[in-house]
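**Q** Here are the chains, one letter per residue:
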Amino acid sequence: MLGSKRDREDAPEINAGSMADIAFLLLIFFLVTTTMDQDTAYLRKIPKKVETTQQQQSQVEEKNIYKITINSRQVIQARDSIIQPDAIGTLNSRIKHFYLVNRDRKTNRDIDYPYYAFGSVELYQNNLDNQINRLEALENQEVIDDNTRRRIDQALDAIGQWRKKLEMAKLYTRHSGKREMPEIAFEAHIRLESFLDTDYSAYVAVQSEVEKAITELRDEESVQLFGVPYSRMNALVQQRIAENSPEVRMYQERMELIETLFPLKLIEVKPKR
Amino acid sequence: MSKFRKKGNSGPAAINTSSLPDIVFMLLFFFMVATTTKEVDPLVKITNAEGAGVTDLTPFKQRSEIDFVYLGEPNHGDANLFEKGIAVQYDGILHPNGIHHIGQWKLEKFSSKPGDFTAPRENVITCFKADAHVPMGIIFQARDILQDLEFYSIAYAAQEMGNKTEYDIREQ
Numbered sequence: 001m002l003g004s005k006r007d008r009e010d011a012p013e014i015n016a017g018s019m020a021d022i023a024f025l026l027l028i029f030f031l032v033t034t035t036m037d038q039d040t041a042y043l044r045k046i047p048k049k050v051e052t053t054q055q056q057q058s059q060v061e062e063k064n065i066y067k068i069t070i071n072s073r074q075v076i077q078a079r080d081s082i083i084q085p086d087a088i089g090t091l092n093s094r095i096k097h098f099y100l101v102n103r104d105r106k107t108n109r110d111i112d113y114p115y116y117a118f119g120s121v122e123l124y125q126n127n128l129d130n131q132i133n134r135l136e137a138l139e140n141q142e143v144i145d146d147n148t149r150r151r152i153d154q155a156l157d158a159i160g161q162w163r164k165k166l167e168m169a170k171l172y173t174r175h176s177g178k179r180e181m182p183e184i185a186f187e188a189h190i191r192l193e194s195f196l197d198t199d200y201s202a203y204v205a206v207q208s209e210v211e212k213a214i215t216e217l218r219d220e221e222s223v224q225l226f227g228v229p230y231s232r233m234n235a236l237v238q239q240r241i242a243e244n245s246p247e248v249r250m251y252q253e254r255m256e257l258i259e260t261l262f263p264l265k266l267i268e269v270k271p272k273r
Numbered sequence: 001m002s003k004f005r006k007k008g009n010s011g012p013a014a015i016n017t018s019s020l021p022d023i024v025f026m027l028l029f030f031f032m033v034a035t036t037t038k039e040v041d042p043l044v045k046i047t048n049a050e051g052a053g054v055t056d057l058t059p060f061k062q063r064s065e066i067d068f069v070y071l072g073e074p075n076h077g078d079a080n081l082f083e084k085g086i087a088v089q090y091d092g093i094l095h096p097n098g099i100h101h102i103g104q105w106k107l108e109k110f111s112s113k114p115g116d117f118t119a120p121r122e123n124v125i126t127c128f129k130a131d132a133h134v135p136m137g138i139i140f141q142a143r144d145i146l147q148d149l150e151f152y153s154i155a156y157a158a159q160e161m162g163n164k165t166e167y168d169i170r171e172q
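Chains A and B, in that order, are what the protein sequence lines are. Quick note on this note's numbering: the first sequence kicks off at 1 and runs consecutively. Quick note on this note's numbering: the second sequence kicks off at 1 and runs consecutively.
These are calculated hints, taken from the structure and not from any lab test. You may find that some hints are simply not true.
Claimed, not checked - DSS-like cross-link-like pairs, simulated, lysine-lysine; straight-line CA separation at most 30 angstroms: (1) B/Lys45 with A/Lys270; (2) A/Lys270 with A/Lys96; (3) B/Lys61 with A/Lys48.
Unchecked claim - Some chain A residues near chain B, calculated using beta-carbon distances under 7 angstroms: (4) Leu26; (5) Thr34; (6) Arg149; (7) Lys265; (8) Ile267.
Note that the structure is a prediction, hence the values are computed from the model and not measured. Think of the CB as a built atom: it goes at the ideal place given N, C-alpha and C, for glycine as much as any other residue.
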C-alpha cells in the first residue's frame with residue numbers, strides 16, 4: 001500500500017486539456033460529412049429481353065390483368081375507374097381486392113378476376129411421381145438422341161419444381177391445418193402503364209400503393225400461418241443473410257411460401273406517348 | 001495581510017472540465033454510428049418522391065452493390081442546355097450526353113469493382129434518384145439501355161412517408 005501511493009505520486013501526469021479539442025474536431029468533421037436520412041427505394045427488376053414476333057405473343061386473358069395507367073396530368077385509370085391524384089391512397093385496397101376476390105371460391109367465381117388453383121400434398125406428390133417415371137422411361141431408351149436429351153432436361157426441371165411445390169404444400173398444410181393450398185393463376189399480374197411525361201412522384205406513388213397492398217396481404221397471411229409478419233421475417237433475413245444458419249433458412253422457406261401464395265408480378269410498360 | 005489578499009484573488013471556483021472529452025466522445029460515437037457518409041455532392045435539385053414500405057439500401061451500399069444516378073434540374077447554369085431541361089449526374093459530373101451515357105458509365109463502374117467482387121451484372125442495382133417532376137420517359141430510356149447490357153436490377157428512390165397518408169403530387 002505504501003509503495004503504491006509513492007508510485008502514483010511519481011508517475012508524470014499527461015496533460016489531457018486538449019483532448020476535448022481533438023474530440024470536438026472529430027465530431028464536427030463527422031457532422032459535416034454525413035447525412036442523417038437513409039437511402040431508401042423500391043427494388044424492381046427489368047425483364048430479360050426476349051425475341052418475339054407479333055404472332056407469337058400469347059394473349060393473357062383480360063381477367064388476369066390489373067391495368068393501371070397514369071397519364072401526363074397524374075390522373076390514374078385503374079381498370080374502369082378514374083382516380084384523381086389526391087385519391088391515390090385508395091389504390092392499395094383495390095389491388096388487394098383484385099387478389100382476394102376468388103381466393104376462397106371454387107364455384108360461383110367472379111369471371112372478371114383471376115381464378116385460383118387448389119393444390120395439395122397428394123396432387124403434387126402424384127405429379128412428382130409421374131415426372132420421375134417419365135424420366136426413368138426416357139433414360140432407359142435404347143437410342144438417346146438430342147431430342148431425348150432435351151426431354152430429359154425438361155423432366156429434370158419439372159421434378160425440381162414439383163419437389164419445391166410439394167415442400168411448400170407440406171409446410172402450408174402443417175401450419176394452416178387446411179389440405180388445399182390456394183394458388184393464384186400463373187398469368188395474373190399488375191400492368192403499370194405511364195406516359196412519357198408522367199411525373200416521377202406519381203409513378204413512385206403508384207409503386208408505393210402496389211408495395212403496400214402486397215405487403216399487407218403477405219403480412220396478414222404470414223401472421224395467420226406463422227404468427228410473425230412477413231416484413232419482419234424479411235428484415236431479419238436481410239440482416240443475417242450471410243449466417244446461413246438453420247433459423248435463417250427456416251425463415252427463408254416460410255417467406256418463399258408466402259411469396260408463392262401472394263406473388264408480386266408487376267409489368268412496367270414502356271410509354272409510347 | 002498577504003493571507004487575506006490571497007483569499008480574495010482566488011475568485012469563483014473553476015468548473016471541473018475533465019469529463020468534457022468523455023461527453024464529446026460520446027456524441028462523436030453517436031454520430032458515427034447513426035449516420036452514413038455522403039457519397040457525392042448533388043449537382044441537381046432533387047425534391048424526393050414519397051412512398052410507403054420502401055426498402056432500406058444500406059446493406060447494398062455496404063456491399064457496394066448499388067450505383068446512384070441523379071436526375072433533376074441543374075443547380076447552376078442553364079437548364080435548357082440539357083435534354084428536356086433535366087440534367088443527369090453520374091458520380092461527380094453532369095454528362096452532356098445525359099441519359100444516353102448510362103450504359104458506358106455502368107460498364108466502367110462494373111469493371112472497376114474490386115477483384116473479389118464476383119457478383120453477376122444482375123446483382124448490381126442501378127438506383128434512380130430523381131426529382132419529383134422528372135418525366136418517366138427519361139427513366140424508361142435508361143431502362144432500355146440497361147436491359148440491353150443485362151443490368152436487370154433497378155431501384156426507384158423514394159423517401160419513407162411515415163404516418164402521412166396523402167401523396168404530394170402535382171396536379172395540373
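**Q** Hint by hint, say whether it matches the structure.
**A** Structure-based check of each hint:
A C-alpha spacing of about 26 angstroms is found between B/Lys45 and A/Lys270, which places the hinted pair at or below 30 angstroms, so the restraint holds. A hinted pair counts as satisfied when its Cα atoms are at most 30 angstroms apart, and A/Lys270 with A/Lys96 qualifies at roughly 25 angstroms. Between B/Lys61 and A/Lys48 the alpha-carbon distance is near 25 angstroms, which keeps this suggested pair within the 30 angstroms criterion. Of the supplied interface hints, the one on A/Leu26 holds, with its beta-carbon coming within about 5 angstroms of a beta-carbon of chain B, less than 7 angstroms.
A distance limit of 7 angstroms between C-beta atoms decides the matter here; for A/Thr34 the minimum to chain B is near 4 angstroms, and the interface restraint holds. Proximity of A/Arg149 to chain B is violated relative to the hint, the smallest CB-CB distance being about 27 angstroms (cut-off 7 angstroms). Contact between A/Lys265 and chain B, as hinted, is not supported at the beta carbon level, the nearest pair being about 15 angstroms apart and thus beyond 7 angstroms. Because the beta carbon of A/Ile267 sits about 12 angstroms from the nearest beta carbon in chain B, more than 7 angstroms, this interface hint is broken.
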